[in-house]
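Could you put together the complete structure from these sequences and hints?
What follows is the residue order along each chain.
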Amino acid sequence: MSLSDFIPFVPEIFLAAAGLGILLAGITLGKKGVRTLIGSGVAALIVTAVLVWVFGRPQGGPQVILGGMLVLDNLAVFFKLIMIAASIIALIMSAGFLERSPYGGGEYTSLVLFATVGMMVMASGANLASLYVGLELMALSVYILVGYFKLEVKSNEAAVKYFVLGALSSGILVYGISLVYGTLGTLDLRGIHQALAGMAKLNWAAGLGIVLVGFGMLFKVAIVPFHVWTPDAYEGAPTPVTAFISVGPKAAAFAMFLRIFLGAFEPNIAAWRTVMWVAAAATMIFANTAALTQNNVKRMLAYSSIAHAGYALMGIVAGTAMGLWSVMLYMLIYTFMNLGAFGFVILLESRGYAGETIQDYAGLAKRHPAAAAGMLVFMLGLAGIPPTAGFMGKLYVFAAAVQAGYVGLTVIAVVMSAVSLFYYFRIVVQMYLHDGEEDEPAELIRDRWVEAMIFVCVAATLFIGVYPGPMVGWARAGISALGLG
Amino acid sequence: MAFLVAHFTQIVFYVLALLAVLGGIGVVTFKNPVHSALSLLGTFLMVAGLFVLRHAEFLAAVQVLVYAGGIMVLFLFVIMLVNVKKLQPEAVFLSAQAPMAVLAGVLVGALVAFGLLAGKLAAAGGVPAALQTVDGKVLGNTEAVGWLLYRQYLVPFEVVSVVLLVAMVGAIVFGLKSASLDRGEGRAER
Amino acid sequence: MQIPHLLTIVTIGPAVAAGVLGLIPGRYERLHRWLALLASVVLFVVSLFLWTGFNPDVAGFQLVDGPIAWIPQLGINYTLGMDGISLLLVLLTTLLIPVVILASWTSISERVKGFHISLLLLTTGMIGAFLALDLFLFYVFWELMLIPMYFIIGIWGGARRIYAAVKFFIYTMVGSVFMLVAILYLGFFHHQLTGVWSFAYADFLKTAPQLAMGSSILHSPQLLVFLAFALAFAIKVPMFPFHTWLPDAHVEAPTGGSIILAGVLLKLGTYGFLRFNRALFPAAWEACVPLILILAVIGILYGAWVAMVQPDMKKLVAYSSVSHLGFVMLGLAAGTIASTQGAVLQMVNHGLSTGALFLLVGVIYERRHTRLIADYGGIAKVVPIYTGLFLLVTLSSIGLPGLNGFVGEFLILAGSWEKYPAVVVLGALGIIFGAVYMLWMVQRVFWSPFAHEENRDLKDINLREVLAVLPLLVFIVWIGVHPTTFLSPMEAAVRLLLAR
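Chains as they are written, first to last, in our numbering: chain V, 209 to 693; chain S, 278 to 467; chain H, 2 to 501.
You may find that some hints are simply not true.
[Said to hold, decoys possible] From the structure, some residues in chain V lie toward chain S, with a derived Cβ separation under 8 Å:
1) 222
2) 224
3) 325
4) 329
5) 337
6) 358
7) 361
8) 671
Think of the hints as simulated: they come from the structure by calculation, not from any bench.
The beta-carbon is built from N, C-alpha and C at its ideal position, and this holds for glycine as well.
If you want it as C-alpha cells, here you go:
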C-alpha cells in the first residue's frame, strides 16, 4: 500500500480535516461566528463534492481499494453526492435556527461533517468492518446532534431514546456480522457472496447472521417493527437536525443495505426476501395509518419517512437491477422533498416549538402564497402525485416490484399511498381551505437562506418529476457495481 | 477424568462464558452502583479469559489493561466522587413492559441458541492462522494484530479514531455547563 | 392551414398561461381576469384549427404529436393524438373555459389569481387526458385534474366546501390508484409478451385483449384490470352507486366549478369507458355489459326520482346529471353504432345544457343568495330575459325536438332498441321523469304565484352573463337543428372502435 493508494480516499480525508478545523475555529469564534462556521462547513462540503467527482470516480469498472475496505463505483458516487447535497442543504437551513438559539456553531457544523464522512464510508464500504465503523461514525455524530439543544427536555429525551435504541441495533448488527464471519471466515462482501453462492444448503448459523444483520439494517432505516425510535427522535431533535437525519443517514443506511443484501447476501435472496416483503407491507400499512392521527407536523413527517422507507424497501424485495436503481433514485428524490418540507417547518418555528401543530398552518396560503405553494409541492411529492418527482420515485419502485412479480405488494403500496394523501393533505387543507385565527397567526420567519434552499428543493422536485430521464440514467449507471446489470 | 482432559478447552469456555453472562446480569440487577461496577469488572476479566482461550493474547492484555484497568477505575472514581449510594426505588421503571421484555428476550435467546446449535461455525479448534501469521510470515500475536490493523484494516482503524473524537466532542457538548452557553451576543429566544 | 404541434399547443397552452398569471402579483385582480379570459378565448380560437385540420374520413388518430421519449427506461412516450370522439370533447372543453371565466367574473372575488391559475391548470389536465395516446401520460393528466378541482371546490366553494372537497378527493383518488396499478400491470404484461416496455395505447390495443379470462374473477386478469379501470371511470361518471360525491361537490362548488365539473370532468369517465374499457378489454366488456346496463338504468331512474324532490335548484340539476349520464352509459353499453354515436353526442349535449343550467342558477344565486325553489315564485315578470333563457336551456335538457338533447337521447334509445328493448322502455321512463322534474321546477320558480317581496327588484340578466351563456345556446340550437355537423366527424372513429 503506497501513498498514492489514498488518492481516491482524499475526499473523506479532506472532509474530516475540515471538520477538525471548524471544531477548533468554533472555540475561538464563539457564538458570533455561527454564520462563518456554517459557511465554511458548506464550502468544505462543496469542495468535497468536487473531490469526489475528480478522485472518487471509478476508472472503468468498480475498483476495490485500500486493502479491500472500500470500493470505487457509481453506486458510491451517486450516494456520496446525495449525502453531500443533503448535508449542504441541512447546514444552510440550520444557520438562522442556530443563531436564534443559545448554542454555538462549531461543534454543530463539525458533527455534521463527521457524520457525512461516516455516511461516505458507508456508501463505498466493501467490507463489513469498514461499513460498520462508517455507520458508527455517522450514528454517534447524529445522536449528539439530536441532543444538541440540551436545554430542551424534548431534545434530551430524543437523544437518549435514539442512542439507547441505536446502540441496541448496532449490537444486533455486530452480533450478526460476527456470526457471518464465524461461519464464512470473511468480512469481505465479495468473499461472502462467493462463500454463500458455494453453499449447497444455507448453514443455520450463517442464516442467523443474515437475519440479525437484516434486523440491524431494518432498524437503521426505520422499518416496522424496528421503527419505534423514529417519531420521538424526529420530534425532539432541533428541526434542521431532523431534516438532516431524515435524509442523509437514511440514504446512507439504504446504500449499506443495498451493498450487503443485494451484494453479499444476494445468493440467499429467496430466504430473506419473504421477510422483507412482510416488513415492507407492515411498514407501509402501519406507518401510513399511524400518521393519519398525528397532530404534530414533525411527528407526522416522521411516520411519513417510515412509510417512505417501506416503499423503498420494495425495490430491495424485487431484488432485480431495476429494483436496485429504483431505490437509488427514490433516495435522491426523497432527499429533496423531505428536506424541503422540513425547511418549511423551520420557517414556521418563529415561536419556539410553535408551528409544529397542524393548526398552526391555518390560512398560510393567504398570507404567504409562495411559501405555501412550495409546501404544496412537497406534500404532493411525498404523496406521489404527478407531475412531482415523488410520483416518479414511486413509479419506478412499483414497476420494479410488478416486474419481479410482486403485484400484491404493489397493490398494498398504491392503496397506502392513497391513504397517505389524507395526512399530507391535512396540511394543505389547513393552509388553503382554512382561515387562520385572526388574533395570533403563526408567522413565517424571514430567512433568505432557508427560502433559497426550499426553492432549490422545489425546483428539483418538479424538474425530476417532469423530466426524470437523466437522473434515471445516472442511477442506472450504479447497477454495474453489484453485478446485477 | 479423561473427559475433562479431552474437553478441557470447551469446559473452560463454558465456565468463562457463564460467568461473563452472570456478571452482565449483575450489572443491571445490583442496587448498589459500586457492586454493579465490580460485576462489570468481572465480566471484562472473563471476556479476557475467552480471548486467551482463542489465542488472542494481545486482545486479552488490552482487555485487562484498558477496560478492567483504565475504564473501570474511571467508573468507580466517578461513582465514588458523585457519591451515588443506591438507586432510588422509583428509578425502577418500565415495570409494565418487563414481562414482555422477558418474553422477547427468551424468544431471541431461543432463536440464537437454535441457530448456533443447528449451524456450524468455521475453523473450530486450532489456532486461527490470521492471529499468528500475516502474508505467510510467522509473527507473534501482537505483531500480527499490528500488521492487520495498520495495513488491511487501516481505513476502519482511522475511521474509528474519528469516532472517538466525535465521542469526545459529544461528552464536551453535553458536559459543558449551561451557563457557559450563550457566550457572545446572547440572542436566545427560546 | 396546418400548425405544427397543434395538439401540444392546445394542451400545454393553458398551463403556460397559468404560469404567466403566476408571475403577476395577486393584487391586480382585473388584469388576472382579463388575461385569463384572453387566454381562454385564444385557446378556443386555436382549437378551431383542430376542426379545420381534422379529416373525418380517417378513422384512426390524427394530428399525432410524438412519440417523444419521455421515460425511455419504461418505454413511456409523450404522444398526443386525436380522433373524432376526442375532437368533440376537446372543443367542448375549450368552449366552456371562457364561459366559466365569464360566469365567475363577479362571483369569485377572493384570491382571483389562484382561481384562474387553478382553472387553467385544470384545462391542461382535461385536454391532455382527452388527447393522450400513452396510458401513462393519460394517468398523469388525469391526476393533474385532481388538485385544481379540489382547490376550486375547497377554496371558493360554499359553506360545507371542505367536506365536499375532501369527499371529491377521496372518491377520485380511490379510483385512480387502482387504475395506476392496472396500467403498470398492462405495461408489465406487454413487456412479458413482447419483451419491450411500452405504455402506448396502440400497443395495448394489441396486447391487452390477450389477457386471460378465467372461470372466476380472481383467475381472470383481464376482468381484474378491467374492473380497476372501470372503478376509476365509474366514480368519475358517476355511475350508481358511486355517485354520492357528486351532489355534495356540485352544491358546494362555485358556479364556475360546477360548470366545468358537469361539463367536462364527468365526461372523462364516460370517455374512459369508451376509449379504454371498451377497446382494450373486449371479452371483459362483453361479460360486464349486463351489469353496466342495470347500473345505467338504476342511475337514470334513481337520479330522476331524487331530483324530483330536491328543494335546492343546484342539487336538482346535480341529480339530473346522474340521470343524464346514465343515458350515456346505456348508449355505450348497448354498443351499436347509433347508440354509441348518440352517447358521445349526449356527452357534449350534457356539457352544454347542464353547464348552461348551472350558469343560470349561479346568476340568480348571485342576486338573491339562495337556491331554494321555495324562495322564488312568479319571477317571470321581474326577469323576463332570464326566464326565456332558462326555459330554452330546460327544454334542451329534457330533450325537446329541435334542440340538442333530443338528438342524443333519440340516437341512444333507437340504437339500443334492437338489442335491449326492455332497457329502452325503462330508459324512456327516465325521459318522462326528466321532463316532469325540470318543468315542475321551472313552473314553481317562474310562474307560480308571486310569493316573496324581496324578489320584486331582482335585476335581470346582464350583458356579461348573456355573453357567457350565448355560446352554449348557439350550440344547443345548432346540434338540435343540424346534428350531422357533429355526428359525421366521429362516425369513422366510432366504427373503428366498435369493430375491435
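Self-check item: residue 361 of chain V as an interface hint toward chain S, with CB separation required under 8 Å
Solution: Residue 361 of chain V check fails; min Cβ-Cβ to chain S is 12 Å, beyond 8 Å.
Quiz item: Going by Cβ atoms only, is residue 224 of chain V closer than 8 Å to chain S?
Solution: holds, 6 Å
Quiz item: Would the hint on residue 337 of chain V stand, with a C-beta cut-off of 8 Å toward chain S?
Solution: This interface hint holds because 5 Å falls under the 8 Å limit.
Quiz item: Holds or violated: is the Cβ of residue 671 of chain V closer than 8 Å to a Cβ in chain S?
Solution: violated, 35 Å
Quiz item: When the nearest CB of chain S is found for residue 325 of chain V, is that gap smaller than 8 Å?
Solution: Holds, because the Cβ-Cβ distance from residue 325 of chain V to chain S comes to roughly 6 Å (cut-off 8 Å).
Quiz item: Given residue 222 of chain V was flagged as interface, is its beta-carbon under 8 Å from a beta-carbon of chain S?
Solution: Violated - the Cβ of residue 222 of chain V stays beyond 8 Å from chain S, reaching only about 13 Å at its closest.
Quiz item: Minimum Cβ distance from residue 329 of chain V to chain S below 8 Å?
Solution: With a closest approach of 6 Å, the residue 329 of chain V hint holds.
Practice problem: Verify the interface restraint on residue 358 of chain V: the C-beta must sit less than 8 Å from at least one C-beta of chain S. | Solution: Check passed: Cβ of residue 358 of chain V comes within 6 Å of chain S, closer than 8 Å.
Violation of the numbered hints given earlier is confined to hints 1, 7 and 8; the remaining hints are satisfied by the structure.
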